[in-house]
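Here the protein sequences line up with chains Y and E, keeping their order. Residues 9 to 268 (my numbering) make up the first sequence, in order. Residues 274 to 521 (my numbering) make up the second sequence, in order.
Careful: at least some of the hints might be erroneous.
Said to hold, decoys possible - Residues on chain E that point at chain Y, a partial pick, calculated with CB under 7 Å: (1) R352; (2) I355; (3) F363.
Said to hold, decoys possible - Here are the simulated lysine-lysine pairs, DSS-like style, with alpha carbons at most 27 Å apart: (4) K276/E / K325/E; (5) K299/E / K406/E; (6) K151/Y / K488/E; (7) K381/E / K151/Y; (8) K25/Y / K325/E.
Keep in mind that the hints were calculated from the coordinates and are not lab data. As the structure is a prediction and not an experimental result, all values here were calculated from the model. Ideal placement from N, C-alpha and C gives every residue a C-beta, glycine not left out.
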Amino acid sequence: MNFIFIPFKIIGNSLHKFIRELGNMTCFLARSVFWMFFYPYLIQRIIKQVYFIGVKSTSVVVLTGSFTGMVLALQTYYALAKFGAETSLGPVVALSLIRELGPVISALMVTGCAGSALTAEIGIMRITEQIDALDAMALNPYKYLIIPNLLAGIISLPLLNAIFVVVGIFGGYAVGVGLMSISGGTYFGGIKDFVTMKDIIEGFYKSLSFGILITWIGCYKGYFTGYGAAGVSKATTQAVVLSSVMILVWDYFMTSLLVA
Amino acid sequence: MIKVIDLYKSFNGRKVLQGINLEVEKGQILALIGGSGTGKSVILKLVIGLMKPDEGKILLDNQDISRLKGKSLKRLKERFGIVFQGGALFDSLTVFENVAFPLEEKTKMKASQIRNAVFHELARVGLTGEENKYPAQISGGMRKRVALARCLVMHPEIVLFDEPTTGLDPLTGKAVHNLIRACQKNLNFTAIIVTHEVPGIFSMVDRVAMLYDGKILAADTPEEIKGSKDPVIHQFIHAELEGPIVIK
Numbered sequence: 009m010n011f012i013f014i015p016f017k018i019i020g021n022s023l024h025k026f027i028r029e030l031g032n033m034t035c036f037l038a039r040s041v042f043w044m045f046f047y048p049y050l051i052q053r054i055i056k057q058v059y060f061i062g063v064k065s066t067s068v069v070v071l072t073g074s075f076t077g078m079v080l081a082l083q084t085y086y087a088l089a090k091f092g093a094e095t096s097l098g099p100v101v102a103l104s105l106i107r108e109l110g111p112v113i114s115a116l117m118v119t120g121c122a123g124s125a126l127t128a129e130i131g132i133m134r135i136t137e138q139i140d141a142l143d144a145m146a147l148n149p150y151k152y153l154i155i156p157n158l159l160a161g162i163i164s165l166p167l168l169n170a171i172f173v174v175v176g177i178f179g180g181y182a183v184g185v186g187l188m189s190i191s192g193g194t195y196f197g198g199i200k201d202f203v204t205m206k207d208i209i210e211g212f213y214k215s216l217s218f219g220i221l222i223t224w225i226g227c228y229k230g231y232f233t234g235y236g237a238a239g240v241s242k243a244t245t246q247a248v249v250l251s252s253v254m255i256l257v258w259d260y261f262m263t264s265l266l267v268a
Numbered sequence: 274m275i276k277v278i279d280l281y282k283s284f285n286g287r288k289v290l291q292g293i294n295l296e297v298e299k300g301q302i303l304a305l306i307g308g309s310g311t312g313k314s315v316i317l318k319l320v321i322g323l324m325k326p327d328e329g330k331i332l333l334d335n336q337d338i339s340r341l342k343g344k345s346l347k348r349l350k351e352r353f354g355i356v357f358q359g360g361a362l363f364d365s366l367t368v369f370e371n372v373a374f375p376l377e378e379k380t381k382m383k384a385s386q387i388r389n390a391v392f393h394e395l396a397r398v399g400l401t402g403e404e405n406k407y408p409a410q411i412s413g414g415m416r417k418r419v420a421l422a423r424c425l426v427m428h429p430e431i432v433l434f435d436e437p438t439t440g441l442d443p444l445t446g447k448a449v450h451n452l453i454r455a456c457q458k459n460l461n462f463t464a465i466i467v468t469h470e471v472p473g474i475f476s477m478v479d480r481v482a483m484l485y486d487g488k489i490l491a492a493d494t495p496e497e498i499k500g501s502k503d504p505v506i507h508q509f510i511h512a513e514l515e516g517p518i519v520i521k
């Protein structure tokens, strides 16, 4: 009769593991936020991490932003032409980029560029006892490793999102005006008429939350990495996969909340 | 100075330490020997407060380390220094920056004072001229010496060494041992050295404790340990394959 219970056992174990991991992650974030308010504030480390997460991801964000804007303009023009509404190309491209594609794709790019590197770096520090060394010096590893990354994520992601959106709109302009012969005035005039501050703020909130999500997951997976090179490699993969999935899942809930 | 009483520690149900009792006097060097995976490094991490024991006490000047939290634990850690097995140097920092790190973060010393202190410690461990190199650019023996310099720059009362000569050739290993002894004589710190270097380590320590089966089998002077009739100690010291210790 025991085999009847095997599926329940498997589901139960998985659920237990998932809830425990979620609890550990929440405690990790809560501890980081708690220590954030205590001295020392390590401004230089935060600036260094803004450079690492933000500046070093800029080229990828510019590249993906421009091509996303261009392909979006092509596809949208094709659809709009069927309804004779080609003049709406500007606002459709801009709204898609500002509200959805900008925050999501820039976050996915940062996950690939900086999130994975973050996990690998902290993971290597863990397995080579560098984190223990910090702790043994009576220095709080959260203050030196986790909090600067979290704050850097919060600062960098909205800025990268802004870059992505602006470059994407100009990418759309290049296709719409350059290839499809829409006038530049119509393209930008439509954007001016239909894009509101609310759209921009919603995109900003999204990218802000993705900044926390990427650095939180990246730091957590690195901090509690397994043994050896295999442990770090597994943690890095898990961080990238979990961050990417969570960005899309959280995006849905956030959109539902903001639209409602 | 340090007194370990009935210390127990398990990992995932595996009992590693099963009632450790150990004492280290002020200014003494104690060598902690025993087979691989017997929990020697775990004892060091428990002593410095990086881990909490399941049961038992670790007294430092009659204060139980294992019960301390927050600022009291922080103050206690400041009395310790530790040299990790692989050195645990920050690989993104140069040799100079590694040694300067605790001074920059823990003291209010001026840049010029830090510079002087770092050069002084690097000279003590024989690494003058290597300050601009990164850990990846120096040898294993040099990394251990940088780790020692980083530890000593804060003038700790107690220094813990986790296998300071592992992975080094015999000559470099002996040089590291001599350096530890010389530094201890100069600075008069108390030390616990986890090592497999037997009987080589016996000439430089005051006492030797043998860890076996989760307990301290014997803790005595090097001469007494060397002359011990206990079959486990005899087999370990003489590296005999036949005997009560089962090689896994």
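Practice prompt. Could you check the structure against the hints above and give me the numbers of any it violates, in ascending order?
Written response: 1, 5, 6
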